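Assemble the whole structure, with the sequences as input and the hints as a guide.
Protein chains in written order, with the working numbering: chain A, 10 to 274; chain B, 10 to 274; chain C, 10 to 274; chain D, 10 to 274.
For the record, the hints were derived by calculation from the structure and aren't laboratory data. Model, not experiment: these values are computed from the prediction. Treat the hints with care, as some may be off.
It does not matter which identical chain is meant; a pair holds if it fits inside one copy or across any two.
What the hints assert, rightly or not - Straight line, CA to CA, 25 Å or less: simulated SDA-like cross-link-like pairs of lysine to any residue:
(1) 232 <-> 154
(2) 229 <-> 14
(3) 114 <-> 188
(4) 208 <-> 224
(5) 72 <-> 114
(6) 114 <-> 103
(7) 235 <-> 12
(8) 72 <-> 141
(9) 169 <-> 158
(10) 114 <-> 12
(11) 77 <-> 120
(12) 17 <-> 47
(13) 87 <-> 135
(14) 20 <-> 47
(15) 72 <-> 190
(16) 152 <-> 240
(17) 185 <-> 11
(18) 169 <-> 246
(19) 49 <-> 16
(20) 185 <-> 243
(21) 185 <-> 68
(22) 155 <-> 239
4 protein chains.
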Amino acid sequence: MTVINILKKIKLKNALLVEGLPGVGNIGRVAVGYLVEELKAVKFAELYSKWFFPFVMLHENHKVHLLKNEFFYWKAKKTGQRDLVFLVGDCQSLTPQGHYEVAEKILDLAEGVGVKELITVGGLATGELESSEEVLGAVTDAKLIKKYERYGINFNAGEKVGYIVGATGLLLGLWKQRRKDGLCLLGQTAGFPIVTDPKAAESVLDVLTKILNVKIDMTKLEKKVKEMETFIKKVEALQKRALLEITKAAHEKTQKGEEPTRYIG
Amino acid sequence: MTVINILKKIKLKNALLVEGLPGVGNIGRVAVGYLVEELKAVKFAELYSKWFFPFVMLHENHKVHLLKNEFFYWKAKKTGQRDLVFLVGDCQSLTPQGHYEVAEKILDLAEGVGVKELITVGGLATGELESSEEVLGAVTDAKLIKKYERYGINFNAGEKVGYIVGATGLLLGLWKQRRKDGLCLLGQTAGFPIVTDPKAAESVLDVLTKILNVKIDMTKLEKKVKEMETFIKKVEALQKRALLEITKAAHEKTQKGEEPTRYIG
Amino acid sequence: MTVINILKKIKLKNALLVEGLPGVGNIGRVAVGYLVEELKAVKFAELYSKWFFPFVMLHENHKVHLLKNEFFYWKAKKTGQRDLVFLVGDCQSLTPQGHYEVAEKILDLAEGVGVKELITVGGLATGELESSEEVLGAVTDAKLIKKYERYGINFNAGEKVGYIVGATGLLLGLWKQRRKDGLCLLGQTAGFPIVTDPKAAESVLDVLTKILNVKIDMTKLEKKVKEMETFIKKVEALQKRALLEITKAAHEKTQKGEEPTRYIG
Amino acid sequence: MTVINILKKIKLKNALLVEGLPGVGNIGRVAVGYLVEELKAVKFAELYSKWFFPFVMLHENHKVHLLKNEFFYWKAKKTGQRDLVFLVGDCQSLTPQGHYEVAEKILDLAEGVGVKELITVGGLATGELESSEEVLGAVTDAKLIKKYERYGINFNAGEKVGYIVGATGLLLGLWKQRRKDGLCLLGQTAGFPIVTDPKAAESVLDVLTKILNVKIDMTKLEKKVKEMETFIKKVEALQKRALLEITKAAHEKTQKGEEPTRYIG
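So this is what it looks like as structure tokens:
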């Protein structure tokens, strides 16, 4: 049960999918979310899944909504631009098999509306106080380095990291299996996974807007980041709390040193 | 394997589904269970699932029954009332994906017998000694606030809580995806998840009977709550114990400081 | 993937399925396994499943075999006896959903070869040094008490225990959902789950042979129990060790107090 | 979702499948991997699965690839040799049901290209400082001992170990269910699971090349083992780290001794 609700039927030409789901420093979520708002991209599909956490969020104090991933599109306005699809959302899957199943559904939808290339956006937590503003890159095929190196991306990502987890990595890997081209952009952030880093998001946006050949107003970024951060942190805190409730249940009894119980079976 | 056994084929008109499964303070389970008994609603379906705990309960000392969820119906007796379906049960699913799969099956059945609207009933554990008797509400769509605010529901639930877990939340969220209307009623309870709170259940029943436009005798509530509580607590205790047995198995060996063992593969 | 290999096609009349899988005190496994040997019942099917542990056992120092459940049959020799199917095996499922899925497959096979009634055999760990030799019983329907009470079964099992876990309980509960009759026999044992109790097995065998109206030589029971115990304990020990290896992997790093690592995604 | 990408359609005669996936001492992975290189076997299929870890590896600092298992083939060059299929890979499944599902897919592919017999290669961690160079063996059928004992294999493996976990054991067990012949070779290694042991790999290769009747240059083994080890260790370390991140998330809160939180449902 991974369901995609199509809100509007669209057909794009040679489109590019840009993914930004919650992750390290929420760099992808924040950068791509800001791009969606600034470009006034239009929502055309929603994905929800049994692999997400089983709860609903409350908006405006009274409206419920399921955890979901959302798809937006934006049509090229002039030569040198491409039709774009954006993927943002509340969360990623809870389990490994969920990650694979949801990623395949996302790529099926993307291919169906005319996506030909993929850019995933994530973060690298360096654990250092001062992080470089350099954006790291990884690709599905060596030929793409030539295409993208002029944007100042450091393609020696492998020196700092040996793998890319979750949607940022998996979408790219599964896309490669479909014999298609893809790029991953990683912003570097000092902090821990749940600290949103607007500076790292800005570095990535800088590269991303050049690749996409779009201009956006960056002055509202910090304010927007604060707003988004509040929401993203809430989802994360809730997931942790819920996980904790589940874990605690099984352990409560032992801690109380209860008397031996009868067991049957 | 989530199976619904239809005991009686029914067809209702513009019906309302009222859900009350075990949860915080067991407020939903107790309130809706009491309503089922007082209205003498008729059981028409049972649901059991591989996502429930794999054991049977013993009734009357010798009769086994699977953990299950049960559906009852009640037909409108006069103008101003609606046909009703009630969902109560022994337990909820053990895993996130189970929650989604069982919730979808429940909504499929509901739609099939003519349900058009949904009310889920749950609880909010405030952690405060004195809890307000005010019932909190959340909706699938802002227009429903106008419809329901005259019943004294506090629709600023979001000020106290950011999410609703399990069936109470998920049924509502998935119902909204089907473009249908739904309401969640949350009683406030001081205590912990497994303490059944008859006062909070009474507050919710008060609102619920007004919405449903039915009259019931509330004098037996406290006695009934005690009876139900015994059973509900038993299921919860058994689930915890069983979870514990599973967890313990893997850890027993280390604690005994056993000698290193040969390993192969 | 729960596969049943049919070794021999059979068709029985009004047959009775007797289940004895590993569990508390291994009472069911030992009692039913002994019955299979003494009656020289014939193996006609094997079940293996992705819900069992992923390893093979080594027999006679060099032959591998998958963990499996086995079905044997025995045809009535005289009036007053019934055709019998026996279910014994190496293990039960690892997960709740596995329990349900495997139990359904077992009951499908049983119905297919002509089984009309079910007896499951398990144990109750009392935690007391001296256990009663009385066999406890539970049924799918009150009418069965009349049929079986003459065999000296205590049908107030519910006074000592509120539930029956695993195959012993679940097969009975799912069988009841198919509107069929079933009985559960529980031997009482002082000890812990992994201690095989031949005395409790003998008490159950005593009742069981009377119900089945068969005579068997009980003198070899203790010796056979010792042999079976060695094998059953090996499977259990291996499962625990394997579970432990999995659990340990995730915790090893923290214990070593390793330096912070780079994280990406 | 376990997908096999066929890169080249092949049809072999009476072929033998030789499996070497990561495991104890990585003996199978290293021995079979070396054989693939030395024989210049040709890759004809790749398998990836939702049961593997959800991340991509980075190669040459910038190229991503999914975790996968790979199939190579080699055609007999002279009388006394057989067509061969080799299975090597980055990882095994994360869960028991994954192990069974992936193993079945592998055997389906093998049967499809003409495989008639199976040899799986693994390791036994003895926990002793000095390990014997003797290769242990296990078989699907006693008749195979006669066929293989002349290669100096010790078929009393069961004296040292009672079971074989993961792909090395499970492929053999499931292959036996298909009524086909198979052999398992286990090298003995002193060390722990993640320490690659070139000496044990050499002992196994010695036996394996005799069985396969092929000659390979063994002088590069130690160097190659070092190269492979770096990669295999990286995958293992990453899997552990990722598992740890998941586990940690749920526990972080309790350790901080956070104040009680509101709970709803």
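Legend entry - Hints not upheld, ascending by number: 1, 2, 7, 13 and 22
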